[in-house]
Amino acid sequence: MTGTPVIAVDDVHKTFKRRVHALRGVTMRVHDGEIFGLLGPNGAGKSTLVKILMTVIRPTRLGGTLLGRPVGHKPTLSQVGYLPEHHRFPKYLRAEEVLDYFAALCSVPKRDRRIRIGEMLELVGMSEWRRHRVGEFSKGMLQRIGIAQAMMNDPKVLLLDEPTDGVDPVGRREIRDLLIRLRAQGRTIFINSHLLSELEMVCDRVAIMVKGRVSMEGTIDDLTADSQRYEITATGPAPELPGEVTVQSLEDNLVKLCLPGTSPKSVQPIIDRLRAADSTIHSVKPVRESLEDLFMRAIDETGPGAATPGAVMGRRPEGDA
Amino acid sequence: MIAVMGILMDSYRSLKAQKLFKTVLVLSLLVIVGYASFGFNEDGLSLFFGAVQIENDYFKAGTPLATTLYMGIFSAFIVSLWLGWVATVLALISTSSIYPQFLSQGSVELVMSKPIRRTTMFIAKYVGGLLFVILQVGLFCLGAFLVVGWRVGEWNPSIFLAVPLVTIFFSYLFCINTLVGVATRSTLVALLFTLLFWFMTFGVRTADDVLHTFQFQAEGMVATAEQHLESDQAQLASFRQELTVLEDSGSESGREYYQAQVLRMEASVAATETQLQNRRDALDQLKPWATALSVIRWPLPETQRTIGLLQRWVDQGRSVTMNDILSGRFMEEEEERWDGGDARADDGDGARERRQSRREQRRAAESRMMDREENISPAAIIGWSLVFELVILVLAWWVFVRRDY
Numbered sequence: 259m260t261g262t263p264v265i266a267v268d269d270v271h272k273t274f275k276r277r278v279h280a281l282r283g284v285t286m287r288v289h290d291g292e293i294f295g296l297l298g299p300n301g302a303g304k305s306t307l308v309k310i311l312m313t314v315i316r317p318t319r320l321g322g323t324l325l326g327r328p329v330g331h332k333p334t335l336s337q338v339g340y341l342p343e344h345h346r347f348p349k350y351l352r353a354e355e356v357l358d359y360f361a362a363l364c365s366v367p368k369r370d371r372r373i374r375i376g377e378m379l380e381l382v383g384m385s386e387w388r389r390h391r392v393g394e395f396s397k398g399m400l401q402r403i404g405i406a407q408a409m410m411n412d413p414k415v416l417l418l419d420e421p422t423d424g425v426d427p428v429g430r431r432e433i434r435d436l437l438i439r440l441r442a443q444g445r446t447i448f449i450n451s452h453l454l455s456e457l458e459m460v461c462d463r464v465a466i467m468v469k470g471r472v473s474m475e476g477t478i479d480d481l482t483a484d485s486q487r488y489e490i491t492a493t494g495p496a497p498e499l500p501g502e503v504t505v506q507s508l509e510d511n512l513v514k515l516c517l518p519g520t521s522p523k524s525v526q527p528i529i530d531r532l533r534a535a536d537s538t539i540h541s542v543k544p545v546r547e548s549l550e551d552l553f554m555r556a557i558d559e560t561g562p563g564a565a566t567p568g569a570v571m572g573r574r575p576e577g578d579a
Numbered sequence: 026m027i028a029v030m031g032i033l034m035d036s037y038r039s040l041k042a043q044k045l046f047k048t049v050l051v052l053s054l055l056v057i058v059g060y061a062s063f064g065f066n067e068d069g070l071s072l073f074f075g076a077v078q079i080e081n082d083y084f085k086a087g088t089p090l091a092t093t094l095y096m097g098i099f100s101a102f103i104v105s106l107w108l109g110w111v112a113t114v115l116a117l118i119s120t121s122s123i124y125p126q127f128l129s130q131g132s133v134e135l136v137m138s139k140p141i142r143r144t145t146m147f148i149a150k151y152v153g154g155l156l157f158v159i160l161q162v163g164l165f166c167l168g169a170f171l172v173v174g175w176r177v178g179e180w181n182p183s184i185f186l187a188v189p190l191v192t193i194f195f196s197y198l199f200c201i202n203t204l205v206g207v208a209t210r211s212t213l214v215a216l217l218f219t220l221l222f223w224f225m226t227f228g229v230r231t232a233d234d235v236l237h238t239f240q241f242q243a244e245g246m247v248a249t250a251e252q253h254l255e256s257d258q259a260q261l262a263s264f265r266q267e268l269t270v271l272e273d274s275g276s277e278s279g280r281e282y283y284q285a286q287v288l289r290m291e292a293s294v295a296a297t298e299t300q301l302q303n304r305r306d307a308l309d310q311l312k313p314w315a316t317a318l319s320v321i322r323w324p325l326p327e328t329q330r331t332i333g334l335l336q337r338w339v340d341q342g343r344s345v346t347m348n349d350i351l352s353g354r355f356m357e358e359e360e361e362r363w364d365g366g367d368a369r370a371d372d373g374d375g376a377r378e379r380r381q382s383r384r385e386q387r388r389a390a391e392s393r394m395m396d397r398e399e400n401i402s403p404a405a406i407i408g409w410s411l412v413f414e415l416v417i418l419v420l421a422w423w424v425f426v427r428r429d430y
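Protein chains in written order, with my numbering: chain A, 259 to 579; chain B, 26 to 430.
Chain A extracted, bound-state conformation (with noise of 0.2 Å):
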């Protein structure tokens, strides 16, 4: 991946009180315009990782930077908005002055907010619930101001820690289209999920963590390379096949063969081999690892117990990290 690492973090450790090691040793890299998806499970250490940019943990060890500054410089976070998991505003607050304070906590004047709270709340389809109080709103529609709020100081970062929790399908693509969006004005997006189907649509690039460290980052392409593969499903006599293909046996006398790589000329001679055979051909595709084998790829390599202690026991101070 080309272009300038916007976040680029080495040797994180985090250590909670009662010796909880939320992060033993991260070392990432988040390049410009990209967007960048962390994956894990519960209690690995995205949202840790994240509070630790966004200066709301302080970490244990940490080297690195975050748009050139050392993280953990305030005035950086003035070009960064952070949607965080499970947030809350205050319900006395109305949409806009939702937008407007926080906005003014990241000293946008009044003039600009006032515009801006305008295209926000466009761009997030929430216009007409502009003076309704947000005590009022259902958890699709706090998400959607939760986004709105992230980008009312148009920043050139966004770490947004699940995004479309609790968001309907509908809402969820249209959150989707607008990260494609952004990602096209020249944004780098950061983005905690569980959901990996609505990552793996998105992302670039993504990392996956697991006890507190990054064991896979990479291209979903790159990273899934090795398993890329042809599956030819037949019924009928086998004919003899090269020691590559594996062979597996189905319902209704299905058998399906895997032949690993991505070229389609290394197919043909076994399609012409199981014709020579007799045999009847169902199907021939292409597979690929998805992202969420991927996931369980990882975290099976990494061993039981995936998500640290302390998370499994609700000691940390956070919901998802």
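These are calculated hints, taken from the structure and not from any lab test.
For every residue, glycine included, the Cβ atom is placed at its ideal position computed from N, Cα and C.
Just so you know, nobody snuck in bad clues.
Using 30 Å as the maximum straight-line C-alpha spacing, the simulated DSBU-like pairs for lysine-lysine come out as follows:
1) K414(A) x K332(A)
2) K332(A) x K368(A)
3) K349(A) x K47(B)
4) K349(A) x K414(A)
5) K414(A) x K368(A)
6) K368(A) x K44(B)
7) K397(A) x K349(A)
8) K44(B) x K349(A)
9) K514(A) x K543(A)
10) K41(B) x K368(A)
11) K543(A) x K523(A)
12) K349(A) x K41(B)
13) K397(A) x K368(A)
14) K368(A) x K349(A)
15) K368(A) x K47(B)
16) K414(A) x K397(A)
17) K44(B) x K397(A)
18) K332(A) x K275(A)
19) K349(A) x K332(A)
20) K397(A) x K41(B)
Among the chain B residues that face chain A by a calculated CB cut under 10 Å, a handful are:
21) M26
22) I32
23) D35
24) R38
25) S39
26) Q43
27) Q130
28) V136
29) I141
30) R143
31) M146
32) Y430
Which chain B residues face chain A? A few, computed with CB under 8 Å, are given here:
33) I27
34) A28
35) S138
36) D429
We have chain A; now place chain B onto it with these hints.
Relative to chain A, chain B alone:
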């Protein structure tokens, strides 16, 4: 600055949204209306906007006494009781949630992730909490200012001194609220601790005052007993000398009388010595407790003394103070003026001298009682209390900025 204004604006919106804020405003309005319903005319006092008339020779429209009484009711009762107790409890209930809400999960991440330093955030939030009192007391004083001007014709801006005084007084309690709120993130615990602290300071202060009064009385009694002993010993020595002279001269005349007197005085001296010893023992028992309470009281904020400063300042420059009215002394001063100015007041049997002597004795006693309070300067009262507040706030700030959220 924009961020600080944003936090203050949010504090204002938060207060505005609270039913309790509006309730206190309405109650304050009722108190002001009640205050306005009372006034003076040529015959004396009028209550309930003239529905009840009380004839009085001292308090009439246009007299300095009437003005002092009207201002004194504001400073000694309305500020002390309404603003200093009831409105303060309501303000504490309203503001106890400020830090716990601010630091609750889901809310704290949103603000801590903004480009504003935690210290700035902490201070702005604290000032935002004091806004409740500043707004409430400011509006209340404006009402009182208009009522006093309308009722007694005195447009007295010193009324507005209640705004900083009550705010400072409230801040002594609010700092405890802040510390506990930041440490526990629980509204209820913060409120409970603050009220307990307030009652504790009240208890310590009251106990200290009572014990010191006892100590002063005991010291007075010891001094009196010492004087009696000295006098008895002098008399005994005198009788013994007379007796020795008689014995030396060999005269029998009067010897029996002086022997009896010596015996009587010896018994009296012994009894006075026992009494003196008992009083000294009582004083010795009292002193360590009084000292201990003074030590305990020393670092605590002076809540009531701070509120009491308003009375001092309002009374400044007046010939008759609210204390004179409450103690009835103003009538003596009226008599004194009358006694001094009119020869008919001297009825010839020394009544004027006796009245004068009684007045002086009472004033001396009152003066001694009040000396302890009045000798403490406003700077000392507020200064020490603010030092206490600062220490507590530094602790709260330390927890606030060092914590992981």
